[in-house]
Amino acid sequence: MEKFTLIGKNMKRIDTAAKATGEAIFSADLTLPRMLIGKALRSPYPHARIVAIDTSKAERLPGVKAVITAKDMCGDKWGVFRYTQDQQFLPTEKVRYVGEEVAAVAAIDEDTALQALTLIDVQYEALPSVFTIDDAIAAGAPQLHDAYPNNINVHVKIDVGDIEKGFNESYLVREDTFSAPEDAYFQGEPYAVVAQFDQAGNLEIWMPNAGPHMKAKPLSNVLKIPLNKVRVRKITIGGAFGGRSEISPADVICAFLARKALRPVKIVYTREENTVATRQAHALVTKIKTGVDREGKVLARDITCHMDGGAYSSTGPIATSVPFLCMEQAYRMDNVRYNGYRILTNKPIRGMYRVHGRAFACGIDIQLDMIGAALGIDPLTMRLRNARQTGDYTPTKSYVASCGMTESIVKAGEKSGWKEKFGKLPPYHGIGIGCNSVQTGFPMGIRGGSQAFIKLNEDGGITVITGIVDNGQGNDNMVVQIAAEELGLTPDDVQLISADTEVTPSDPGSYAMCETFIGGNAVRLAAQDVKKKLFRIVAGEFGIGVDNLTARDRKIFVTENPEKSMSIAKAVRIALSRNESISGEGSYWPNVDPKREWVKNPYGQLSETFSFGTVIAEVKVDPETGQVEVLEVTAAQDVGFALNPQVIEGQFEGGVAMGGQGGMLSEFLQWHEGRVLNPTQFGYLVPLAIDMPKINNIIVETIDPNGPYGAKEAGMSVAMSAAQAYCGAISNAVGVYFHDYPITPDKIVKAIEEKRN
Amino acid sequence: MKEMKRYSLTLTVNNETHAVVTPPNRTLLEVLRDDLQLTGTKEGCGEGACGSCTVLVDGQPVRSCLTLAVAMEGRKITTIEGLAQGGKLHPIQAAFVENHAIQCGFCGPGMILTSQALLNDNPTPAEGEIRRAISGNVCRCTGYAKIVKAVQSLAGEER
Numbered sequence: 001m002e003k004f005t006l007i008g009k010n011m012k013r014i015d016t017a018a019k020a021t022g023e024a025i026f027s028a029d030l031t032l033p034r035m036l037i038g039k040a041l042r043s044p045y046p047h048a049r050i051v052a053i054d055t056s057k058a059e060r061l062p063g064v065k066a067v068i069t070a071k072d073m074c075g076d077k078w079g080v081f082r083y084t085q086d087q088q089f090l091p092t093e094k095v096r097y098v099g100e101e102v103a104a105v106a107a108i109d110e111d112t113a114l115q116a117l118t119l120i121d122v123q124y125e126a127l128p129s130v131f132t133i134d135d136a137i138a139a140g141a142p143q144l145h146d147a148y149p150n151n152i153n154v155h156v157k158i159d160v161g162d163i164e165k166g167f168n169e170s171y172l173v174r175e176d177t178f179s180a181p182e183d184a185y186f187q188g189e190p191y192a193v194v195a196q197f198d199q200a201g202n203l204e205i206w207m208p209n210a211g212p213h214m215k216a217k218p219l220s221n222v223l224k225i226p227l228n229k230v231r232v233r234k235i236t237i238g239g240a241f242g243g244r245s246e247i248s249p250a251d252v253i254c255a256f257l258a259r260k261a262l263r264p265v266k267i268v269y270t271r272e273e274n275t276v277a278t279r280q281a282h283a284l285v286t287k288i289k290t291g292v293d294r295e296g297k298v299l300a301r302d303i304t305c306h307m308d309g310g311a312y313s314s315t316g317p318i319a320t321s322v323p324f325l326c327m328e329q330a331y332r333m334d335n336v337r338y339n340g341y342r343i344l345t346n347k348p349i350r351g352m353y354r355v356h357g358r359a360f361a362c363g364i365d366i367q368l369d370m371i372g373a374a375l376g377i378d379p380l381t382m383r384l385r386n387a388r389q390t391g392d393y394t395p396t397k398s399y400v401a402s403c404g405m406t407e408s409i410v411k412a413g414e415k416s417g418w419k420e421k422f423g424k425l426p427p428y429h430g431i432g433i434g435c436n437s438v439q440t441g442f443p444m445g446i447r448g449g450s451q452a453f454i455k456l457n458e459d460g461g462i463t464v465i466t467g468i469v470d471n472g473q474g475n476d477n478m479v480v481q482i483a484a485e486e487l488g489l490t491p492d493d494v495q496l497i498s499a500d501t502e503v504t505p506s507d508p509g510s511y512a513m514c515e516t517f518i519g520g521n522a523v524r525l526a527a528q529d530v531k532k533k534l535f536r537i538v539a540g541e542f543g544i545g546v547d548n549l550t551a552r553d554r555k556i557f558v559t560e561n562p563e564k565s566m567s568i569a570k571a572v573r574i575a576l577s578r579n580e581s582i583s584g585e586g587s588y589w590p591n592v593d594p595k596r597e598w599v600k601n602p603y604g605q606l607s608e609t610f611s612f613g614t615v616i617a618e619v620k621v622d623p624e625t626g627q628v629e630v631l632e633v634t635a636a637q638d639v640g641f642a643l644n645p646q647v648i649e650g651q652f653e654g655g656v657a658m659g660g661q662g663g664m665l666s667e668f669l670q671w672h673e674g675r676v677l678n679p680t681q682f683g684y685l686v687p688l689a690i691d692m693p694k695i696n697n698i699i700v701e702t703i704d705p706n707g708p709y710g711a712k713e714a715g716m717s718v719a720m721s722a723a724q725a726y727c728g729a730i731s732n733a734v735g736v737y738f739h740d741y742p743i744t745p746d747k748i749v750k751a752i753e754e755k756r757n
Numbered sequence: 758m759k760e761m762k763r764y765s766l767t768l769t770v771n772n773e774t775h776a777v778v779t780p781p782n783r784t785l786l787e788v789l790r791d792d793l794q795l796t797g798t799k800e801g802c803g804e805g806a807c808g809s810c811t812v813l814v815d816g817q818p819v820r821s822c823l824t825l826a827v828a829m830e831g832r833k834i835t836t837i838e839g840l841a842q843g844g845k846l847h848p849i850q851a852a853f854v855e856n857h858a859i860q861c862g863f864c865g866p867g868m869i870l871t872s873q874a875l876l877n878d879n880p881t882p883a884e885g886e887i888r889r890a891i892s893g894n895v896c897r898c899t900g901y902a903k904i905v906k907a908v909q910s911l912a913g914e915e916r
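Here the protein sequences come in this chain order: C and U. Counting from 1, position 3 in the first sequence corresponds to residue 3 in the working numbering; the numbering is continuous, with no gaps. Offset between the second sequence (1-based) and the working numbering: plus 757.
Hints in this document: simulated from the structure, not taken from any laboratory. The structure displayed is predicted, hence computed values, not measured ones. Each residue gets a CB set at the ideal place from its N, CA and C atoms; glycine is no exception. There's no promise every hint is true.
[Claimed, not checked] Label-pair ranges, simulated between beta-carbon atoms:
{"#": "1", "chain 1": "C", "residue 1": "373", "chain 2": "U", "residue 2": "817", "range": "52 to 58 Å"}
{"#": "2", "chain 1": "U", "residue 1": "804", "chain 2": "C", "residue 2": "175", "range": "41 to 47 Å"}
{"#": "3", "chain 1": "C", "residue 1": "673", "chain 2": "U", "residue 2": "804", "range": "19 to 25 Å"}
{"#": "4", "chain 1": "U", "residue 1": "889", "chain 2": "C", "residue 2": "631", "range": "17 to 23 Å"}
{"#": "5", "chain 1": "C", "residue 1": "567", "chain 2": "U", "residue 2": "889", "range": "50 to 56 Å"}
[Unchecked claim] DSSO-like, lysine-lysine: derived pairs with alpha carbons at most 30 Å apart:
{"#": "6", "chain 1": "C", "residue 1": "421", "chain 2": "U", "residue 2": "906"}
{"#": "7", "chain 1": "U", "residue 1": "906", "chain 2": "C", "residue 2": "415"}
{"#": "8", "chain 1": "U", "residue 1": "906", "chain 2": "C", "residue 2": "9"}
{"#": "9", "chain 1": "C", "residue 1": "234", "chain 2": "U", "residue 2": "845"}
{"#": "10", "chain 1": "C", "residue 1": "12", "chain 2": "U", "residue 2": "906"}
{"#": "11", "chain 1": "C", "residue 1": "234", "chain 2": "C", "residue 2": "297"}
{"#": "12", "chain 1": "C", "residue 1": "9", "chain 2": "U", "residue 2": "845"}
{"#": "13", "chain 1": "C", "residue 1": "620", "chain 2": "U", "residue 2": "906"}
{"#": "14", "chain 1": "C", "residue 1": "12", "chain 2": "U", "residue 2": "845"}
{"#": "15", "chain 1": "C", "residue 1": "750", "chain 2": "C", "residue 2": "694"}
Bound conformation, chain U alone (with noise of 0.2 Å):
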């Protein structure tokens, strides 16, 4: 098989710096699980419909399945394993086990994300307006009732 070049790039991942060299056509994430061991993103259609591979690039929900990993140099990638810190989880993940917002956890990682992302743009966050912005992760299993309640329990906070 004729070997594709490669390119050498830095990425930016949860605010560490990895040297990665890689093919043009490898998708970020490939590289965040392959390379770079962050299996935390999970893979559930490898077509941009589920969500499962979603992750922040400066602070906005993007698919990493439909991203090349050459075009993220430069940006702040946060991955799900980025968000506890000190061995404490974030809010919004204690919100997801609080309420009973994970069964088999599958989408649990992008979902999240997604979530977060939504209240860093607005804290306040009605029920709606929580719907849609969850809307393109798929859950097939809590019905979303108890994702939509932990979203609902930090806006409560916030308020």
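One chain only, chain C, in its complex shape (with noise of 0.2 Å):
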């Protein structure tokens, strides 16, 4: 008898026929009654403090319902962190960047509330702004923030061993720098919220999110009601990627307004909207330096890094680390010192994307292959002799239970033909490498475990209920998948209700790639509760003990004697007939260190297990264009185990699609004084299906000893490696290293240019 008979299989997703036939709906599909349409007014200043605002002839337009600015909210401050609560849903004294809301109205129809957006008289005094890190920081610069000298909103220190006794017994020593601008999310789905209050003054709020309840308890917060009353509801969600897991001040705008208007409202992001005043990507600088022995060993690591954060703090003191977090779990450095600053500038808000941090990734691995050029070792083996290992403890002091990163390395260079092609392709062909690991979850305070309830029917059916959430990657599934699993029942038998708040218990949400460890976790234990409340009633009526009873098919059977079995249906009538609760309860906690906090103490276990993932791009450059063909990407990716292997598949093609294409060729912002030159769809060039390469997936299992099933994450590792490894193989092709990304044309052509003369 095979083991399992849905995990580790393709399983078709229980969520995709609806969005095949257009029956799923999203935020902005939904319809209510007497419903008004919500718009707000933005800030046209990047700096600028608001002397007045008169709303009196945009409440007396006809078709007006609700027209709200600060006066309306009580000046509260949200931030992720106590120390970082610093942003106010509708600002009362200064606006500090162009496109934050300042207002907002609910009409009849969205042509009624655009034209009550012009008759909202607001006087502005501009103030001096800032918009480069550099302006940012330097003295007499204007400042955003009382609470942040100098305009300085994170600095994490992390200082490990003795770094100048490492670049003393360093062979060779490298510093470099490199930059990349912001990037953004580019979900399918514009933003959307829909909000309604009834009679009892409980919110109903529906919008895309990646942990509802990580939306509920600032709402709560901000409209002074208890969390009961809040219920975030589970809707089709368009992507996430990293974003939309923080309030936003679209679901607080649309709450009041609905709380004004009596009335509910729907506020519908434009492209340009969701571009400008969700979360952007931060942009970096960053000053690597490097020390190795003779054999590309790392012996030391000294790293300063600026990331522009926009105007707020948002998830700040975690993007500060992140991109340090990955680098440090993929790479052995016993010697290491880490300079992390977040500063503000009057630029729209940044928050945490699925390929965070790209130039220092890139920048860490590409130094590897500068510095393995010295030494005359090629790109693959220098990380092979740098690769972290199962049972090694990272820098900042976190236990590393499971690590493929060797075999991904190694698997992604068979299936390249890595050895056969490295320093043998034809000129301006070329080949690079890049590896990268990430977390599955983090400490997350109170939200940091998952608990799930299993509900039976007489008929042998469950119901799931879970506060995890589905952006799209096909968690709902995952549930199911595992659910079912567990309990020997079809996917058809099991129900799921989640992401509700009203009714599903805490959850961390899908953040920090956390949802199948934590989660998946929580719920699978919820099953093994029913199942053992199950086969105590089984195994009563047979006579025998319960540790030799297997449920499969519906059926719980003898293991040794399959042809003695009863239903699941049977079962669960005689429990109801004896008043036994058979119901289920799971809950997970992860393994992290409760004391290790991101800027007062970053030490100590930060994720109960890593993913660790290899990718090889191979490339042709075009150098009269500066075109970049990519032939081929090889993916490897230990995610511990596979449940369900398309999808995990689809998680890499998608994150190269991502990381490597868009991220390293094509994708960044452009500004003019703050202001989002390329917002639109046609600004912001995203990878079409003509442009990607042949994409070979190799899944590397490490079989987590605590992950379910043994299984960590999927989504991330491919996406920041894939950018490295683009970055390796322009740099390999055209013979110049990159420092700056997106590596564009015309910084190829430069760079081809450069090396002529």
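Relying on the hints, combine the two individually framed chains into one complex.
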């Protein structure tokens, strides 16, 4: 008998048929009786004092049902951390970026709402602005917030071992600086919110989110209503990619408009608003000094990184740490110092992104190529000599319980023909490699764990109740797959209630790649709880021990004698007739160090486990135009265990598109005095089908000791290492190491010209 | 606000006729979503660049966000809701589901209709032809590999 019936198999996702027929409802598709349309008025200034706001004309416009400004709120400031509470949902004193919300209206239709916005009179007093990291930290620079002197929002300092000694003992030391401008999430679905209050003052709200409970708490705080009156509802979500976890001003504004108008309100962002007024990815500049021995083993690293965080903290302390943490996980480095600074500028707010800190990761990796070239060691060998291993501790003291870094390097190397190709390709052909590692969650305070319930029906079917949210990656299916597997049911026997804060218990959300590991474990434990109770009933009926039973094909049978069985439905009915509870409960809290804190104490177990990935890319560069043709990409990642292999392949392929093809070739935001010049689909170049190369997927399985069935995460390590591999491949093809990303044709042509001269 | 003149027209959508009264400046996308409640058609960019709003007009893929509803009188419009018949997925929808070509699903309706239009014109497209045909439809999740595979799975059957 096979070990599993569903787990590890290519299971058709439970949610995609409704998406294929158009039946799946996204937030903007919702219509409620008497619903109004909401719109936000946005600041045209990057930095200005709000002198006065006159909304009287807008209020008098027929069809306008509510107008709100900061006066309607209590002036509360939101922050992910206690020490980063700096953002008002509608500002009282000043605006800090072009596009910041200053007022909002709800009207009977969109045209009326837009007209009402033109009737709101805001008097601003323009203030001097800062748009770059250098300008923001210069002496005498305009200050964005009193709480952050010199516009330094966050400083993360990590110091491990003895870097001076490491550099002294090094055979070769290099120092380089790498940089990249901001990138955009560009989720398929533009942001949208629908909110309504019932007569008892309960809020119902729908929006794309990466964690309904993460949204509910700040809504409860700012609306001054208890959490059990905030009902973030489940809705189909058109992508998150690291964004959409935090509360958005749109959520709060929509709720306030609905409360003031006493009618449901819908806000749908334009593509431009989605780019400017949700979150963006950080720009960064990082200086990396690395010392190695003769064999290329890293002995010391000193890294200083400045990230442009925009106008508010958002997830600042996390964002400032993660680029470093990913690389300290991927590669061994015993003596290391990291100084990460998040700097505030008069630009839109930056958050965590799937390819967060591309210049950081590419810098670490391409510098290994440079060092390898000086030592006569090829890039793949450089990675093998520094690869993280199972049983290691990272510099910041996380134990690595399972690690397939080496295996992913070796397998990607074999599949891509690295040995035959590196150094042997024709001119302007190149091959490059990148490695990365990602967390499966990190200390998230009170919301660090996940709980799940399972309810049984008398026909043997179950309902799983969990806070897990699906942003499109297939989390709903993962839940059903695990519950059905554990209880010997088919996916059709499982109903799912998820991502609804009224009925589902706490869960960290689809954040930091933790849903499979943390939420999946909770669901599995809940199913095991049910199974234990069912087995007790069947064992009693059969007069045998519970250890001799198996659940499969909707039956519970004697493992050694499968003919002797009882249907799960019958076992449930026996339980009901005896008034015996057979509902299940599962709770999982990851083994992370609760004392670890991003700024104050960045040491201790960060995440219970980590994924490891390697991407190798082969490219051809046109020296005349600078165009890059990507010939083939090989993506390998240690995912722990592949619960649903095709879903994982889809993550790899999407990761190559986002991190490599988009992140390293075309995607970046352009600016003029704090204004995004390319916020629209025409301006911001995301990869198309015709751009994408052939992708070889290699799933590496290390069977993590604590992951559900050994699973870890699948969404990020490839996405990040794809950027690094593309960078290495283009550098290899051109014969110039690139320091500024993305590597657009103009940079390539310039590099070739400079090399010729 | 001055009321714009409204026009009465008959739209044929998924083989059903609908009497619509609308100002002339409204797009087919707005009328489909707001008047006919056919919300399977999505707005991703509003400028004709992402393909999420693709519908078929007389069998050809068209951006409904750039198409005025009043220009659609007498044309045969197919939206994503018009593909499945009798509760059974259309082969192109089944191929997308089977091949894991859908993740978040926001681009799905447009992508599926564009793919079907290709297969209607060319039942045996080569991989490059598929990629070209769907390159007006942006997908942020999949990297397109499984979408191409889904379309290929039907192209294969025709051969």
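How the hints compare with the structure:
1. Roughly 53 Å separates the CB atoms of residue 373 of chain C and residue 817 of chain U, a value that falls within the hinted 52 to 58 Å.
2. Take residue 804 of chain U and residue 175 of chain C: their Cβ atoms lie about 45 Å apart, and the range 41 to 47 Å holds.
3. Separation of residue 673 of chain C from residue 804 of chain U is about 24 Å and conforms to the stated range, judged on CB atoms against 19 to 25 Å.
4. In this structure, residue 889 of chain U and residue 631 of chain C meet the distance hint of 17 to 23 Å, their C-beta atoms being roughly 18 Å apart.
5. For residue 567 of chain C and residue 889 of chain U, the hinted distance range of 50 to 56 Å is satisfied, since their beta carbons lie about 53 Å from each other.
6. Proposed proximity of residue 421 of chain C and residue 906 of chain U is supported: the alpha carbons are some 28 Å apart, at most 30 Å.
7. About 21 Å separates the Cα atoms of residue 906 of chain U and residue 415 of chain C, which keeps this hinted pair within 30 Å; it holds.
8. Of the pairs offered as hints, the one joining residue 906 of chain U and residue 9 of chain C holds, with about 19 Å between alpha carbons and a cut-off of 30 Å not exceeded.
9. A distance of roughly 26 Å separates the Cα atoms of residue 234 of chain C and residue 845 of chain U; the hinted pair therefore holds under the 30 Å criterion.
10. This hinted pair checks out: residue 12 of chain C and residue 906 of chain U have alpha carbons roughly 15 Å apart, not beyond 30 Å.
11. At most 30 Å may separate the alpha-carbon atoms for a hinted pair to count; residue 234 of chain C and residue 297 of chain C exceed this at roughly 49 Å.
12. Among the hinted pairs, residue 9 of chain C with residue 845 of chain U is consistent with the structure: their alpha-carbon atoms are about 24 Å apart, no more than 30 Å.
13. Note on residue 620 of chain C and residue 906 of chain U: the hinted pairing holds, with a Cα-Cα distance of about 25 Å set against a maximum of 30 Å.
14. Under the criterion of a C-alpha separation no larger than 30 Å, the hint pairing residue 12 of chain C with residue 845 of chain U is consistent with the structure, at around 16 Å.
15. Taken as a hint, the residue 750 of chain C and residue 694 of chain C pair is honoured in the structure, with Cα atoms around 28 Å apart against an allowance of 30 Å.
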